[in-house]
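There are 2 protein chains.
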Amino acid sequence: MMKLQILGCHAATPRSNSFATSQILEIGGKMMLIDCAEGTQIQLRRQKVKFSRIKHIFISHLHGDHFFGLIGLLNTFSLHGRKEELHVFGPKGIKEIILLQQKYGKAWTSYPLRFHELDKKTPELIFEDSTLSVETIPLDHRVYTNGFLFREKPKDRTLLVEKAEAYDIDIAYYKSIKKGKDITLSNGKVIPNEELTEPPEDPKSYAFCSDTRYQPEMAKQLKDVHFLYHESTFLEKHSDLCEKTKHSTAKEAAVIAKKSNVKELILGHFSARYKNREKYREEAEMIFADVSLASDRKVFEWK
Amino acid sequence: MMKLQILGCHAATPRSNSFATSQILEIGGKMMLIDCAEGTQIQLRRQKVKFSRIKHIFISHLHGDHFFGLIGLLNTFSLHGRKEELHVFGPKGIKEIILLQQKYGKAWTSYPLRFHELDKKTPELIFEDSTLSVETIPLDHRVYTNGFLFREKPKDRTLLVEKAEAYDIDIAYYKSIKKGKDITLSNGKVIPNEELTEPPEDPKSYAFCSDTRYQPEMAKQLKDVHFLYHESTFLEKHSDLCEKTKHSTAKEAAVIAKKSNVKELILGHFSARYKNREKYREEAEMIFADVSLASDRKVFEWK
Numbered sequence: 001m002m003k004l005q006i007l008g009c010h011a012a013t014p015r016s017n018s019f020a021t022s023q024i025l026e027i028g029g030k031m032m033l034i035d036c037a038e039g040t041q042i043q044l045r046r047q048k049v050k051f052s053r054i055k056h057i058f059i060s061h062l063h064g065d066h067f068f069g070l071i072g073l074l075n076t077f078s079l080h081g082r083k084e085e086l087h088v089f090g091p092k093g094i095k096e097i098i099l100l101q102q103k104y105g106k107a108w109t110s111y112p113l114r115f116h117e118l119d120k121k122t123p124e125l126i127f128e129d130s131t132l133s134v135e136t137i138p139l140d141h142r143v144y145t146n147g148f149l150f151r152e153k154p155k156d157r158t159l160l161v162e163k164a165e166a167y168d169i170d171i172a173y174y175k176s177i178k179k180g181k182d183i184t185l186s187n188g189k190v191i192p193n194e195e196l197t198e199p200p201e202d203p204k205s206y207a208f209c210s211d212t213r214y215q216p217e218m219a220k221q222l223k224d225v226h227f228l229y230h231e232s233t234f235l236e237k238h239s240d241l242c243e244k245t246k247h248s249t250a251k252e253a254a255v256i257a258k259k260s261n262v263k264e265l266i267l268g269h270f271s272a273r274y275k276n277r278e279k280y281r282e283e284a285e286m287i288f289a290d291v292s293l294a295s296d297r298k299v300f301e302w303k
Numbered sequence: 001m002m003k004l005q006i007l008g009c010h011a012a013t014p015r016s017n018s019f020a021t022s023q024i025l026e027i028g029g030k031m032m033l034i035d036c037a038e039g040t041q042i043q044l045r046r047q048k049v050k051f052s053r054i055k056h057i058f059i060s061h062l063h064g065d066h067f068f069g070l071i072g073l074l075n076t077f078s079l080h081g082r083k084e085e086l087h088v089f090g091p092k093g094i095k096e097i098i099l100l101q102q103k104y105g106k107a108w109t110s111y112p113l114r115f116h117e118l119d120k121k122t123p124e125l126i127f128e129d130s131t132l133s134v135e136t137i138p139l140d141h142r143v144y145t146n147g148f149l150f151r152e153k154p155k156d157r158t159l160l161v162e163k164a165e166a167y168d169i170d171i172a173y174y175k176s177i178k179k180g181k182d183i184t185l186s187n188g189k190v191i192p193n194e195e196l197t198e199p200p201e202d203p204k205s206y207a208f209c210s211d212t213r214y215q216p217e218m219a220k221q222l223k224d225v226h227f228l229y230h231e232s233t234f235l236e237k238h239s240d241l242c243e244k245t246k247h248s249t250a251k252e253a254a255v256i257a258k259k260s261n262v263k264e265l266i267l268g269h270f271s272a273r274y275k276n277r278e279k280y281r282e283e284a285e286m287i288f289a290d291v292s293l294a295s296d297r298k299v300f301e302w303k
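Sequence lines, in order, name chains A and B. In this text, residue positions in the first sequence follow the working numbering: the first is 1, and each later residue adds one. In this text, residue positions in the second sequence follow the working numbering: the first is 1, and each later residue adds one.
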C-alpha cells in the first residue's frame with residue numbers, strides 16, 4: 001500500500017482556504033513529508049497525521065511556497081518534546097537558514113536534527129533502507145531544485161500458512177519460503193514455492209516533480225514509474241510565462257507522463273489566475289489518459 | 001476611531017483552526033501589523049485587509065509564534081508587485097534572518113524594505129508622525145522582547161460649518177478655528193470657539209504586551225493608557241510555569257491593568273492546556289472589572 005496525502009498544491013502563496021505545496025507520502029510503512037509550505041503543520045493536524053511518524057522531510061527548493069513552513073514544524077516538534085531523530089534533505093543553504101532562526105529564538109531542537117544538503121545536478125540516491133529508496137530528480141527552475149523519486153523494494157511473497165501446515169513444514173523454513181524457495185520434504189518430495197505462497201504486491205514508485213520548466217530528458221529517469229506528480233502552473237495559452245518563470249504547462253506534464261509510461265499523472269502547483277481547474281485536466285488528457293488534479297487534503301491510495 | 005483585529009492569539013503553535021499571535025491595529029488612518037506568526041497572511045485575507053495598506057510591521061520578539069509568518073508575508077507583497085516602502089521594527093537579527101532567506105530564494109523584494117532593529121532595554125520612541133507615536137515597552141522574556149505602545153495625537157476640533165456660514169466667516173479661517181481659535185468678526189464681535197466647534201474625540205492609546213513575565217514596574221509607563229492587551233499564558237495554578245518560561249498569569253495581567261488605570265484589558269496568548277478560556281476571565285475579574293478575551297478574528301472598535 002502506498003498513500004499520498006496532498007496538504008497543499010497551490011503556487012506562490014497560501015490563500016484564505018488553500019495552501020502551497022506540501023505532501024505526505026506513506027511508503028514502506030514510513031511517512032515522508034515532501035515540501036513544507038507555510039501552514040503545513042496546520043494541514044497535518046487537519047489530516048490527523050501523527051507528527052512523531054514523520055522522520056524524513058524532503059525539500060525541493062528554497063522558494064517560500066515550498067519551505068516557509070519548515071522552521072515552524074521543526075519548532076513544533078520540539079514543543080511536543082520529540083526525541084526521535086529527524087532527517088531533512090534539501091538544497092545547500094537550508095541548514096544555515098534553520099540554524100540562524102533557532103539561534104535568535106534560543107530554540108534548539110529537543111531531538112537530533114540531521115541535515116542532508118544537496119548540490120549535485122545529476123540523479124543521486126539519497127536514502128535507502130530495506131523497504132524503499134529515494135533518489136533526486138534534477139529539475140530546471142529559477143533556483144537549484146530537485147524532484148524526488150520514491151521506489152518501494154520488492155516485497156516477500158505471502159505465505160499460505162494453512163498449506164505449509166498441511167505439509168507439516170517447520171516454522172523455521174517460513175522466512176526462506178517467503179523469499180521464494182521451494183521446499184524438500186523429509187520423504188524427498190519437492191513442494192514448489194508457488195504452491196505455498198502467493199506473489200507479493202508489485203513494488204510501487206512515486207515521482208514528485210515541482211517546480212520545473214519542461215524537461216523531456218527527465219522521462220528516461222522516470223521510465224515506468226507508477227505515479228507521477230508533475231507541476232502544471234500554466235495552461236498552454238500562457239506558455240510564454242513558463243519560459244520566463246521556469247514552470248510547465250499541463251500539456252507538457254502530460255508529455256512527460258506519456259514518454260515515461262507512468263500509470264497515473266497528478267497535476268498540481270496551480271496558478272491563482274485560472275478559476276476553472278478542469279482546464280488543466282482537459283489539456284493534459286489530450287496527450288495522456290489517466291490524469292488527476294491534486295486538491296488540498298485529497299488522498300490517493302494505491303493498493 | 002481606533003480598531004483592533006485579532007488575527008491570532010494562541011501560544012506556541014498554530015492549530016487546526018487557530019493561529020498564534022498577530023494583530024492589526026488601525027490607528028490614525030494607518031494599518032499597523034503587530035507580530036506575524038505563521039499563517040498571518042491567511043488571516044489577513046480572511047479579514048479582507050488590503051495588503052497594500054500595511055506599511056509598518058512591529059515584531060515583539062524572535063520566537064516562532066510571533067514572527068514565522070513574516071518572511072512569507074514579505075514575499076507575498078513582492079508577488080503582488082508592491083512598490084510602497086515597508087518598515088519592519090523588530091529585535092536585532094531580524095534583518096539577517098529575512099535577507100538570508102531572500103538570498104537563497106533569489107527573491108528580493110519588489111519594494112523598499114526598511115529594517116529598524118531594536119536592542120535598547122529602556123522605552124524608546126520608534127515612530128512618530130502627525131497622527132500618532134509608537135514607543136517600545138521593554139518586556140522580560142526568554143529572549144529580547146518589546147511590547148509596543150501606540151498613542152494617537154490630539155485631533156482638531158470638529159468645525160460646525162453651518163454656524164461658520166451663518167456668521168459669514170471666510171473659509172480661510174476654518175483651519176485655525178479647528179485648532180481652537182476664537183474669531184473676531186468685521187463688526188468687532190468675538191465669536192468664542194466653543195460656538196463654532198465641537199470638541200474632538202479623545203486621543204486613544206493602545207499597549208501590546210506579549211510575551212513577558214509579570215513586571216509591575218511596567219505600570220508606570222502604561223499609566224492611563226486606554227486599552228491594554230497583556231499576555232496571560234497561564235492560570236494561577238500554574239504560576240510555577242510562569243517563572244520557568246517567563247510568562248504571566250491572567251491575574252498578573254489584571255494587576256498591571258489596575259495599577260496602570262487602563263479602561264479595558266484584553267487577555268491573550270492562551271495555552272492549549274486549558275479547554276475553558278472563561279477561567280482566564282474569572283481570575284482577572286477578581287482584580288480588574290473590564291476584561292475581554294481575545295479570539296481569532298475578533299474585532300475591537302473604539303469610537
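Hints in this document: simulated from the structure, not taken from any laboratory. Quick caveat: nothing in here was measured; it's all calculated off a predicted structure. It cannot be assumed that every hint is accurate.
The list cannot tell twin chains apart, which means a pair is met if one copy fits it or any two copies do.
[What the hints assert, rightly or not] Pairs of lysine-lysine, DSBU-like flavour, derived with a Cα cap of 30 Å:
no.: 1; residue 1: LYS237; residue 2: LYS83
no.: 2; residue 1: LYS55; residue 2: LYS103
no.: 3; residue 1: LYS275; residue 2: LYS178
no.: 4; residue 1: LYS155; residue 2: LYS303
no.: 5; residue 1: LYS175; residue 2: LYS204
For the identical chains here, do LYS175 and LYS204 meet the 30 Å Cα criterion within one copy, between copies, both, or neither? The answer is within: 23 Å in one copy meets 30 Å, while 78 Å across copies does not.
(message) One pair to classify: LYS237 and LYS83, alpha carbons no more than 30 Å apart. Within, between, both, or neither?
(response) The answer is between: 28 Å across copies meets 30 Å, while 50 Å in one copy does not.
Self-check item: Intra- versus inter-copy proximity for LYS103 and LYS55 (alpha-carbon distance at most 30 Å)
Solution: both (23 Å within a copy, 28 Å between copies)
Within, between, both or neither, where LYS155 and LYS303 count as close if Cα-Cα is 30 Å or less: within (13 Å within a copy, 70 Å between copies)
Give the relationship of LYS275 and LYS178 under a CA distance limit of 30 Å: within one copy only, between copies only, both, or neither.
For LYS275 and LYS178, the Cα distance exceeds 30 Å both inside one copy (52 Å) and across copies (51 Å).
The structure does not agree with numbered hint 3 stated previously, though it agrees with all others.
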